[in-house]
Amino acid sequence: AQSVAQPEDQVNVAEGNPLTVKCTYSVSGNPYLFWYVQYPNRGLQFLLKYITGDNLVKGSYGFEAEFNKSQTSFHLKKPSALVSDSALYFCAVRDRRGYQKVTFGIGTKLQVIP
Amino acid sequence: EAGVTQFPSHSVIEKGQTVTLRCDPISGHDNLYWYRRVMGKEIKFLLHFVKESKQDESGMPNNRFLAERTGGTYSTLKVQPAELEDSGVYFCASSQDVGHTIYFGEGSWLTVV
Numbered sequence: 001a002q003s004v005a006q007p008e009d010q011v012n013v014a015e016g017n018p019l020t021v022k023c024t025y026s027v028s029g030n031p032y033l034f035w036y037v038q039y040p041n042r043g044l045q046f047l048l049k050y051i052t053g054d055n056l057v058k059g060s061y062g063f064e065a066e067f068n069k070s071q072t073s074f075h076l077k078k079p080s081a082l083v084s085d086s087a088l089y090f091c092a093v094r095d096r097r098g099y100q101k102v103t104f105g106i107g108t109k110l111q112v113i114p
Numbered sequence: 001e002a003g004v005t006q007f008p009s010h011s012v013i014e015k016g017q018t019v020t021l022r023c024d025p026i027s028g029h030d031n032l033y034w035y036r037r038v039m040g041k042e043i044k045f046l047l048h049f050v051k052e053s054k055q056d057e058s059g060m061p062n063n064r065f066l067a068e069r070t071g072g073t074y075s076t077l078k079v080q081p082a083e084l085e086d087s088g089v090y091f092c093a094s095s096q097d098v099g100h101t102i103y104f105g106e107g108s109w110l111t112v113v
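Listed in order, the protein sequences are those of chains A and B. The first sequence runs 1 to 114 under the working numbering. The second sequence runs 1 to 113 under the working numbering.
Take the hints with a grain of salt, since some may be wrong.
Just some of the chain B residues that point at chain A, by a computed CB distance under 8 Å [to be verified]: (1) Met39; (2) Asp56; (3) Phe65.
Each computed DSS-like pair below joins lysine-lysine, with the alpha-carbon atoms no more than 25 Å apart [said to hold, decoys possible]: (4) B:Lys51 <-> B:Lys15; (5) A:Lys77 <-> A:Lys22; (6) B:Lys15 <-> A:Lys109; (7) A:Lys22 <-> B:Lys41; (8) A:Lys49 <-> A:Lys109; (9) B:Lys44 <-> A:Lys22; (10) A:Lys109 <-> B:Lys44; (11) A:Lys77 <-> B:Lys41; (12) B:Lys41 <-> A:Lys49; (13) A:Lys22 <-> A:Lys49; (14) A:Lys49 <-> B:Lys44.
By construction, these hints were calculated from the structure, which means they are not laboratory data. Even for Gly, the Cβ is constructed at its ideal location relative to N, Cα and C.
Can you make the complete structure from the sequences, with help from the hints?
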């Protein structure tokens, strides 16, 4: 079985400071990893994904994530937070082997303080 | 190119009534998914269509839920009869291929009272 853990319910960061939203995963094989963002009363927007290759993945709105196989982590990062980044962030994983559904974490609320 | 569209965006129904949610995937996407998020919980997988066939329906909570994808185009998710615990946001998503990025719709927000 595959699973995702987002250990922080909420992350608070001051505008202009770097932000990190944590994610660890568990799969039997090798993973596809994704980050999505949900703004209030909106759907999920794709941010970035790790498929293969460079462990540092760059995505939309200046976000990036680092795949760490030994720590089974895929933390989302941004060098300088904006107030408009405040939203709910979901990490997701899918095992590459055969057919597996995409499994999501519980979400982390990011609050950027002006 | 149009994204994944869902209808209705919001619905309030009484316990025991029926609601049908509709999803139009991105054109050309054979894979269509339904997910649900109950307030404060994780986004849970319901089922996956490949064209008109159900690839995986392991997440469907019970037989009050029926999903169809006639002709491999749009999909409907019917809840009959609705219960209070069915309240939540129902997301539809589509992808070009399994393993490709899954693109989500805005969600159908269901409240059962």
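Return the numbers of the hints above that this structure violates; sort them in rising order. 1, 3, 4, 6
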